[in-house]
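Undergrad: Each chain, written out:
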Amino acid sequence: MPSQGDSRGGKIVKELNILIVGVGGQGVILMSEVLGNAAVRDGIRVRGSEVLGMAVRGGSVSSTIRMGDDVYGPLIPAGKADILVAMEPSEALRNIGFMTKSGLVILNARAVVPFTVSLGMSNYPGLEKIVEKLKKSASRVVVLDAIKLAEEAGSVQSANIVMVGALFGTGLLPIKVSTIRETIRERFPAKAAQVNDVAFHLGFEAYSAL
Amino acid sequence: MKLSVSSDAPGQKMFMLGNEAIARGAIEAGVQVAAAYPGTPSTEILETLSSVAKDFGIYTEWSVNEKLAFEVAFAASLCGVRAMASMKHVGVNVAHDPLMTASYIGARGGMVLVSADDPWAWSSQNEQDNRYIAEQGYLPVLEPSSVQEAKDMMADAFRLSEEFKQPFILRTVTRINHGRSDVLLGEISRDRRKGFFEKEPSRLVLTPAEARKDRPLMLERFDKIKKAVDSFPYNSLELADGARLGIIACGLSYSYTLEALKWLGLDGKVSVLKIGTPHPLPEELVKKLLGSVAVVLVVEELEPFVEHHVKAIAAESGIDVKFHGKDLIPLIGELSTEKVTRAIAKLTNTTPPVDFAEMERIRQETAPLLPLRPPTLCAGCPHRATQYAMKIAGKRVAKQLGKGEPVYTGDIGCYTLSYLPPIESMDLVLCMGAGFGTANGLAHVLDVPVIAQVGDSTFFHAGIPAMINAVYNKAKITMVVLDNSATAMTGFQPHPGTGRTASGDVAAQLKIEDIARACGVKFVEVIDPFDMEESIKIFEKAMRFDGPSVVVSRRPCAMLVQRDARKRGEELILYRVERERCDPKCSACFKLLGCPAIVRENGLTVIDSSLCTGCSLCAQVCHHKAIVEVAR
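Chains as they are written, first to last, in our numbering: chain G, 1 to 210; chain W, 1 to 632.
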């Protein structure tokens, strides 16, 4: 077995590639952080990557979380993303080239229209058009109003955790639900922890109810 | 149990950012001095160390620039303690001068330089490959293939540096620094040494006579390292029985290679040499691989550094193999499993399980549908206000003087983003400090106003000599310091103007205007950029001043203001559009300012209250007085 200094012997897991995308400030990085932390707690080998600094001031953000014993690189190769979690519709479309044909897209319906559209430098495609295009490259596209659910939970800021809840609602993750919930609760101060716990639950239920 | 970077929990696994893992490696090795200048993708290394510095008795500092960071660390090494400097790839250029001579002297306490390279220039002005800098200075390089290895190598580098008495370089790429992974923690050394400076002028005072004596000693040290690297655990050779193809993969490229081989079903059918020390290369392992295969593919990111050295080894030892490298692995863009898969597929006549051409077609087909979302100045960013006022003044002054459009030079920081429409405030951006530096040159050959911009942290980093140069050499330029009280782009690290140190202690707070006056500038004014009219007036005066002039535009970063307000439980006064007064056809506010908080909804101009920070700039540019404060 090739060595990179790491030990094996954790839980044996089939490769699962999750791509999380959105716009700066939507909490994309935090989503991958809690996912990665929870995976490690459950003894799952995990890799990921994100880009920071000038690349993200108000711009597109993407983060990868890859689980499985044969995963080495931090990036998901084109055509290998199993689940695309998008905090913003057009950002889902921007990353469509990473999806595997049997993949799943979970989409937050609320658009964040960039200033270039106001300035007339570019156009924003409608949600229907985006979903139609996504459906050509993925086997399933699910649209949620994460902002509404986050408001229900007590704070718009928890929309990212609503999406994490939905991601677990798919039942596709090798991480235990109790582990992710514990990780989320520990990640925030008391009051925010409660809001986010509810946000997770609402996202989970919303997906399960589909 | 929740683990942290300081957890004394050897054998446990923690999910870590690459830079946290590097910091952890240094903590495990018992580093005592760490110095850095912020720069993506290296920043979190010193940030992490600073956050636990007091618990471990580590001295950390944000140095004024990378040259200082290296000098601070190197001096500590000479006193026998373990020391490190971390910086982005272009930061090593700033530290290049001391680095090239430190290699003549060598290390006493373990000395490690972390060079964080940035392929695809995610957050940089170029993509230089610092393995060449290492080669130039006879400095050994460790290059990790994973976040885990980054931690292990960092911890080990201090020991190796002491064993071989030479500074070591840990060369990373963005996807290591900002990669994340489960990391197996090691033991933390609590060993602390007392600094002792042993005088040895014959080695430490680099006059020509002494330098000539130091050089053979440096070559000797490097030769010992060269002989040792074959047995370093970071280099490993896996020969596959009867393999025709051998792959030499350096650093992170090894991870991509392993994935590509598995993807193509070639696992165990191709010989693989993993390189963890690109400089010097493990020559015996290279020869063993070359001697066992007919075709070799060298996989590495950026330049063909390993490729050229491997070819030289083959030529010297008379081994005849067919080489591939940069003919199949692109020189442009970030490396990926996909690119490596394509290269191996081509050499082995195998078919990748994914139709890459089809994926590319989908990408190209969707591209025209996508809205442009370039990085942009935040809503309420004081830079937007400064640059807007500066450009209005520039236009007016040029017209009054009967001269052409002013030329605006810029520097490295958030404010560089406004080179884009609608502000378009920069015509030339080169490197840290060059905003003032290049303006010096322009002033002597152009007959238009020359206006130079630099941020506060960058001013301290490399702006001051250029300011003095303008005074001394009579460059009639207007120097604008955009002072937002933080190194904002990299995440609000303190600097000499903030009155705080890396570890949060109170420090002297240097005033940029005082420094400008001390440099001999005769026109120095401080403005509040949110007072637009006054700012334009002062910019005009500065641009008409007969001699170098300085305008310090001071307003804290909008993100800091929001953060502080939230902490204090205060609400900011926001703005809204008064429907009756707004002319929906006017759109001056967003066309002039490009503020992301001003959006068009169903043909109407609206201020997004979730983004607005209440800077009032749009209210000041609105001719219809249609933008007003939100009543509380």
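Simulated from the structure, these hints should not be mistaken for laboratory data.
It is possible that part of the hints are untrue.
Unchecked claim - Here are some chain G residues pointing at chain W (derived, C-beta under 10 angstroms):
hint, residue
1, F98
2, T100
3, L104
4, V112
5, D197
Unchecked claim - Derived pair list, reagent style EDC-like, types lysine to aspartate or glutamate, alpha-carbon separation capped at 16 angstroms:
hint, chain 1, residue 1, chain 2, residue 2
6, W, K224, W, E162
7, W, K269, W, E238
8, G, K101, W, E162
9, G, K101, W, E358
10, W, K395, W, E533
11, G, K133, W, E284
12, G, K136, W, E358
13, G, K129, W, E365
14, G, K135, W, E284
15, W, K227, W, E163
16, W, K226, W, E284
17, W, K585, W, E601
18, W, K476, G, D145
19, G, K14, G, E33
20, W, K262, G, E151
21, W, K2, G, E15
22, G, K133, W, E200
23, W, K288, W, D267
24, W, K476, W, D514
25, G, K133, W, E360
26, G, K136, W, D447
The structure presented is a predicted model; accordingly, all values stated were derived computationally and were not measured.
Built from N, CA and C at the ideal position, the CB exists for glycine as well.
Undergrad: Restraint: G:L104 near chain W, CB-CB cut 10 angstroms. Satisfied or not?
TA: Interface hint status for G:L104: violated (17 angstroms vs cutoff 10 angstroms).
Undergrad: Does the alpha-carbon distance linking W:K395 and W:E533 stay inside the 16 angstroms limit?
TA: holds, 15 angstroms
Undergrad: Quick check on the hint: G:T100 CB to chain W CB, less than 10 angstroms?
TA: Nearest chain W Cβ about 8 angstroms off; hint holds.
Undergrad: Hinted pair, alpha-carbon criterion (16 angstroms max): W:K269, W:E238. Please report holds or violated.
TA: Answer holds: W:K269 to W:E238 is near 10 angstroms, not above 16 angstroms.
Undergrad: Would the pair W:K224 and W:E162 pass a check requiring their Cα atoms to be no farther apart than 16 angstroms?
TA: This hinted pair holds, its Cα atoms lying about 13 angstroms apart.
Undergrad: Was the hint right that G:F98 lines chain W, CB cutoff 10 angstroms?
TA: holds, 8 angstroms
Undergrad: Assess, step by step, whether the Cα of G:K101 is no farther than 16 angstroms from the Cα of W:E162, and give holds or violated.
TA: Violated, at about 53 angstroms.
Undergrad: Next item in the hint list is G:D197. Is there a CB on chain W closer than 10 angstroms to its CB?
TA: violated, 16 angstroms
Undergrad: Is the hinted pair G:K129 and W:E365 satisfied, with a Cα-Cα distance of at most 16 angstroms?
TA: The hint holds at about 13 angstroms.
Undergrad: Decide if the proposed pair is consistent with the structure: G:K135 and W:E284, CA atoms, cutoff 16 angstroms inclusive.
TA: violated, 53 angstroms
Undergrad: Under the criterion that the straight-line Cα-Cα distance not exceed 16 angstroms, is the pair G:K101, W:E358 satisfied?
TA: holds, 11 angstroms
Undergrad: Regarding the pair W:K288 and W:D267, is the alpha-carbon distance no greater than 16 angstroms?
TA: violated, 20 angstroms
Hints 3, 5, 8, 11, 14, 18, 19, 20, 21, 22, 23, 24, 26, counting from the list given before, are not met by this structure.
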